[in-house]
Amino acid sequence: MNESPTARQLTPTASQPVVTMVSGPVLKTCPSSSLSMNELVEVGKERLLGEVISLDGDVATIQVFENTSGISPGTKVQGLGLPLYVELGPGLIGTIFDGVQRPLQYLHHQWGDFIQRGRIGNPLDRERLWDFSPLLSKGEKVASGYILGDVVESELVTHRVLVPPEIEGTVDLIVPPGKYTLDDVIANVKASDGTIHALKLFHRWPVRKIRPYAKRLLPAEPLITGQRVIDTFFPLAKGGTAAIPGGFGTGKTITQHQLTKWTDADIIVYIGCGERGNEMTGVLVDLPQLLDPRSQRPLIERTILIANTSDMPVAAREASIYTGITIAEYYRDMGYDVALMADSTSRWAEALREISGRLEEMPAEEGFPAYLASRLAAFYERAGQVETLNNKKGSVTLIGAVSPPGGDFSEPVTMHTKRFVQCFWALDKEMASARYFPAINYLQSYSGYSRKVEPWWRENVDSGWLELTEKAMQMLQEDAKLQNTVKLLGEEALPDDQKRIIEGAKLFKNDFLQQSAFDAVDTYASPQKQFLLLDIILYFFDRLAEVVTVRIPLFRAMELPVVVKIHRLKFTHKGDDPAPFLAIRQQIDQEIGTLLQQHHESSF
Amino acid sequence: MNNPDHTIGTAGPILEYIGLERINGPLLAVQGVKGAGFDEQVEIVTPDGKIRHGRVLSISDDVAVIEVFEGTSGLNQVTTRVRFLGHPFEIAISREELLGRVFDGLGNPLDGGPTFSEGTRRDVNGLPINPVARAYPEEFIQTGISAIDGMNTLVRGQKLPIFSGSGLNHNDLAAQIVRQARLLSDDEGFAVIFAAMGVRHDEAEGFRQSFEESGVLKNVAMFLNLADDPAVERLITPRIALTAAEYLAFEQGMHVLVILTDMTNYCEALREVATSKGEIPSRKGYPGYLYSDLASLYERAGRLQNRPGSVTQIPILTMPDDDITHPIPDLTGYITEGQIVLDRSLARKAIYPPINVLPSLSRLMSDGIGSGRTREDHQNIANQLYAAYAKARQTERLASIIGEEDISATDKLYLHFAKAFEQRFLKQKYDENRTIKETLDLAWQLVMLLPEQELTRLKPEEIKTYGTMKHPPKVGDVNQKMSD
Numbered sequence: 001m002n003e004s005p006t007a008r009q010l011t012p013t014a015s016q017p018v019v020t021m022v023s024g025p026v027l028k029t030c031p032s033s034s035l036s037m038n039e040l041v042e043v044g045k046e047r048l049l050g051e052v053i054s055l056d057g058d059v060a061t062i063q064v065f066e067n068t069s070g071i072s073p074g075t076k077v078q079g080l081g082l083p084l085y086v087e088l089g090p091g092l093i094g095t096i097f098d099g100v101q102r103p104l105q106y107l108h109h110q111w112g113d114f115i116q117r118g119r120i121g122n123p124l125d126r127e128r129l130w131d132f133s134p135l136l137s138k139g140e141k142v143a144s145g146y147i148l149g150d151v152v153e154s155e156l157v158t159h160r161v162l163v164p165p166e167i168e169g170t171v172d173l174i175v176p177p178g179k180y181t182l183d184d185v186i187a188n189v190k191a192s193d194g195t196i197h198a199l200k201l202f203h204r205w206p207v208r209k210i211r212p213y214a215k216r217l218l219p220a221e222p223l224i225t226g227q228r229v230i231d232t233f234f235p236l237a238k239g240g241t242a243a244i245p246g247g248f249g250t251g252k253t254i255t256q257h258q259l260t261k262w263t264d265a266d267i268i269v270y271i272g273c274g275e276r277g278n279e280m281t282g283v284l285v286d287l288p289q290l291l292d293p294r295s296q297r298p299l300i301e302r303t304i305l306i307a308n309t310s311d312m313p314v315a316a317r318e319a320s321i322y323t324g325i326t327i328a329e330y331y332r333d334m335g336y337d338v339a340l341m342a343d344s345t346s347r348w349a350e351a352l353r354e355i356s357g358r359l360e361e362m363p364a365e366e367g368f369p370a371y372l373a374s375r376l377a378a379f380y381e382r383a384g385q386v387e388t389l390n391n392k393k394g395s396v397t398l399i400g401a402v403s404p405p406g407g408d409f410s411e412p413v414t415m416h417t418k419r420f421v422q423c424f425w426a427l428d429k430e431m432a433s434a435r436y437f438p439a440i441n442y443l444q445s446y447s448g449y450s451r452k453v454e455p456w457w458r459e460n461v462d463s464g465w466l467e468l469t470e471k472a473m474q475m476l477q478e479d480a481k482l483q484n485t486v487k488l489l490g491e492e493a494l495p496d497d498q499k500r501i502i503e504g505a506k507l508f509k510n511d512f513l514q515q516s517a518f519d520a521v522d523t524y525a526s527p528q529k530q531f532l533l534l535d536i537i538l539y540f541f542d543r544l545a546e547v548v549t550v551r552i553p554l555f556r557a558m559e560l561p562v563v564v565k566i567h568r569l570k571f572t573h574k575g576d577d578p579a580p581f582l583a584i585r586q587q588i589d590q591e592i593g594t595l596l597q598q599h600h601e602s603s604f
Numbered sequence: 001m002n003n004p005d006h007t008i009g010t011a012g013p014i015l016e017y018i019g020l021e022r023i024n025g026p027l028l029a030v031q032g033v034k035g036a037g038f039d040e041q042v043e044i045v046t047p048d049g050k051i052r053h054g055r056v057l058s059i060s061d062d063v064a065v066i067e068v069f070e071g072t073s074g075l076n077q078v079t080t081r082v083r084f085l086g087h088p089f090e091i092a093i094s095r096e097e098l099l100g101r102v103f104d105g106l107g108n109p110l111d112g113g114p115t116f117s118e119g120t121r122r123d124v125n126g127l128p129i130n131p132v133a134r135a136y137p138e139e140f141i142q143t144g145i146s147a148i149d150g151m152n153t154l155v156r157g158q159k160l161p162i163f164s165g166s167g168l169n170h171n172d173l174a175a176q177i178v179r180q181a182r183l184l185s186d187d188e189g190f191a192v193i194f195a196a197m198g199v200r201h202d203e204a205e206g207f208r209q210s211f212e213e214s215g216v217l218k219n220v221a222m223f224l225n226l227a228d229d230p231a232v233e234r235l236i237t238p239r240i241a242l243t244a245a246e247y248l249a250f251e252q253g254m255h256v257l258v259i260l261t262d263m264t265n266y267c268e269a270l271r272e273v274a275t276s277k278g279e280i281p282s283r284k285g286y287p288g289y290l291y292s293d294l295a296s297l298y299e300r301a302g303r304l305q306n307r308p309g310s311v312t313q314i315p316i317l318t319m320p321d322d323d324i325t326h327p328i329p330d331l332t333g334y335i336t337e338g339q340i341v342l343d344r345s346l347a348r349k350a351i352y353p354p355i356n357v358l359p360s361l362s363r364l365m366s367d368g369i370g371s372g373r374t375r376e377d378h379q380n381i382a383n384q385l386y387a388a389y390a391k392a393r394q395t396e397r398l399a400s401i402i403g404e405e406d407i408s409a410t411d412k413l414y415l416h417f418a419k420a421f422e423q424r425f426l427k428q429k430y431d432e433n434r435t436i437k438e439t440l441d442l443a444w445q446l447v448m449l450l451p452e453q454e455l456t457r458l459k460p461e462e463i464k465t466y467g468t469m470k471h472p473p474k475v476g477d478v479n480q481k482m483s484d
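For the record, the sequence lines run as chains L and V. The numbering used here applies: residue 1 is where the first sequence begins, and numbers increase by one. The numbering used here applies: residue 1 is where the second sequence begins, and numbers increase by one.
Please note: incorrect hints may appear among the correct ones.
[Said to hold, decoys possible] Under the rule of at most 30 Å between Cα atoms (straight-line distance), these lysine-lysine pairs were calculated in the DSSO-like manner: (1) K437(V) x K427(V); (2) K349(V) x K76(L); (3) K349(V) x K481(L); (4) K419(V) x K487(L); (5) K391(V) x K487(L); (6) K429(L) x K471(L); (7) K419(V) x K509(L); (8) K349(V) x K429(L); (9) K565(L) x K412(V); (10) K506(L) x K34(V); (11) K277(V) x K429(L); (12) K200(L) x K179(L); (13) K574(L) x K459(V); (14) K487(L) x K412(V); (15) K141(L) x K190(L); (16) K429(L) x K419(V); (17) K76(L) x K34(V); (18) K391(V) x K349(V); (19) K45(L) x K284(V); (20) K34(V) x K429(L); (21) K200(L) x K138(L); (22) K429(L) x K412(V); (23) K349(V) x K509(L).
Hints were generated in silico from the structure; no laboratory data involved.
Whenever a hint applies, use it, and build me the whole structure from the sequences.
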């Protein structure tokens, strides 16, 4: 493959690096003097995008974000003088990017159905006009993070145009309200040393660098997901971290999709990292059709998608996580609550392993590089609720799916992830086989936020929330113990007071924990509904105790018509109105009352 | 294949070298190569003048490492010549030269017909499909097999592997699917691409006969790398097959079903090459990029919004020692949209197909079924079957401990249900082609063996419509259902 001299206006100099070795997505180039660590490079006449990942003597190692077929030793490499960055500005919402922020809709429009290499487009549309309304005027002092003005990005999101980090000074010029493209200068800021920074609607930020904020806050508000088992037992907080580990087919992706759809965050960033193409398409098809339960607007209007499917180049898969989190931090800096879903962090870790293997680094556990744990820690540390530079409250919540090989939670990625997250939603193969969804194993899962979010529930829903959830969990724990006996002796062998626990837990598992993602009503449960449902089931469970005490056979109570009504509750009511739940409570009173009375009468 | 057209595409010049630096297993190294690229196709001229094929695995200033698909035996270091063809592995395909034919694992004819000559040359590695361009798969394919149609529905554009074990009859099942697979409203062109990697001669012949008997042979192209063919060739066979499938689907508008068997042999060939190259292994000696490599095959399935055809994949793999957590089934399951798991204990009970529905799954099922596609009760009745069978299996374990006499009356009904489910629902004849309506009605008959309060996954109105009838309901057949 000879370089044709006219192909590209590279001016070969003595220090222009050339490729000396190609192995999969990894290149070595020499000399390296003109390159710096993490610098972006373009390789060859097709201008394949790459990143410098190590410098050793005169040799630079580069990971290439595209297929390297046909690259030969001698191919020229051009440093771009900046690290891997993302463009941050209006136009992110509703867009689907690949792992290095190439806009996939644009690529499709421009180059067709398949992703060809070397085809790069601007991440953000340069031609679209945005309605900008300035919030500052000439002469005001600004610093990084100040809001220059607003752009309505979608019906759901007002984009706050920020003074980029590391810029400070006086507003020298700011444009009047009107329509502007991303390339138009909307403000000039004069620094104290006299330099003038021309600001546009967008700026760039390196993906591997945390965006600055004023102060970290402690998570205290729950992030409501509308999924009962999560909100009730293993709640997540705004600015918190969670992991969903589970073998294949245990419903990781469905759970992530459910969270993407129903979480009450302002912005959702969804990263499909090394996952299936059809799944990403499914998300793309669903989100414009589904409505946000709060605003009744299509969910796509608050969502940003990053797709690096498993057949796309592995180095871009590694980058996709950072691209996603940097975008999330950017919206956090505007004062929004952002939830980021990464499906799956295991694919990201495997991309690390693959690159590390090509570099012939000394492997640690299961071939993963020794820096796996520190990279994971650094990633999850980018979550948090913060006070932004402009004194607003914003948060990034991280929810990472983990795909442990063979469903074995003792493998390195799951193990290390566990160390850095506060919420652990363990998916269970056996529950999934019985089509029990969400298959979150309530005995293995945990959340460090239950007590932190309790004040919110007390204030907004009911003061008895924590007590009820603890009572329900206690019932499930006792049930789990009894199930061991049941496995050996059968349910019939238990006395009625123990059977009551089995029956109560069964009711609770079927009619509360189990939640259908495909049922129009059941798919989302408001905090109110969760509480009412929890309350009803536990109330019935309490009343059963009376039945058992007077030695009425338990099955007679379980045959009461109200039980069927309880079964149907989750499918029939959205919980905005407590009346139907109160009616069921009355029916419980009445039917149990009758039962007790009949027994009372017959025993005389 | 032996007469590549060098002028097409971005091909570089052909470079020829004589003499090898090193031969190691399936790999050879050539020193002092200038201008050859990574992943380039290579021809190796043996000392006796025959041509073998290969591909550049890694290249540096001084040494190019090449994998030789036909193996390295008989090569010497002095007179072997190596030709770099200046482009990745390519194949020219046209519809006329493809269907109704049998080829070897590199695409050379085995049936005495012509070699590929017409048609555009295509890179066998393919290109990733832009997720934006994909159309979501949601068209039901009726396979006529109850365990699949009823509980693990296959849809057009899906990749649904069969996880089997050595000695289980996965080949019969795959052949039956090929014979019976039809869309409910299917008159359009369909084709079958069959890629064999390291399968025995009689297995391949069995497939051919089965295609012939059912009259689909004229729509089939077979690419055969048999057990005694070179192992490294297996790395290229599925890529050629999928390139052919993509061509038929996305350029000729056909609905293509691709059978890849046996993926375990493919993965072993990959491990062999990686080990010879001295790469750092990850699990069980397989290379760290096994996931990415498998994904580059499996992801070549799907539908596109702007084009009429589809590629549906049924890869078959044998789980070493029936272990579903082995890296091959494990990584496959993470990429494919579900799996059909065959079970030795069912096979021992003489149940064919021995599909264990509990670990089986079709991820695209919920979008391909329901009102307007199959029947509105499909999802719920399938869930009920799953829940009931899972419970029945637990009950079986219990009964084996405390004895069948001592379990509750309801539990006894569950045991009865399990037996009926296995004997009447799972089990069917090799040529038994059940319509989806027959499958669903059968499912209803089975769940009604259980007391109604156990049927928590079904809605009361569904039980009223479908469950109370002694004989199949007269609500019209499925096609009528679809029109209303």
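Query raised in the report: For this structure, which hints from the list above don't hold up?
Result: 2, 3, 10, 11, 19, 20, 23
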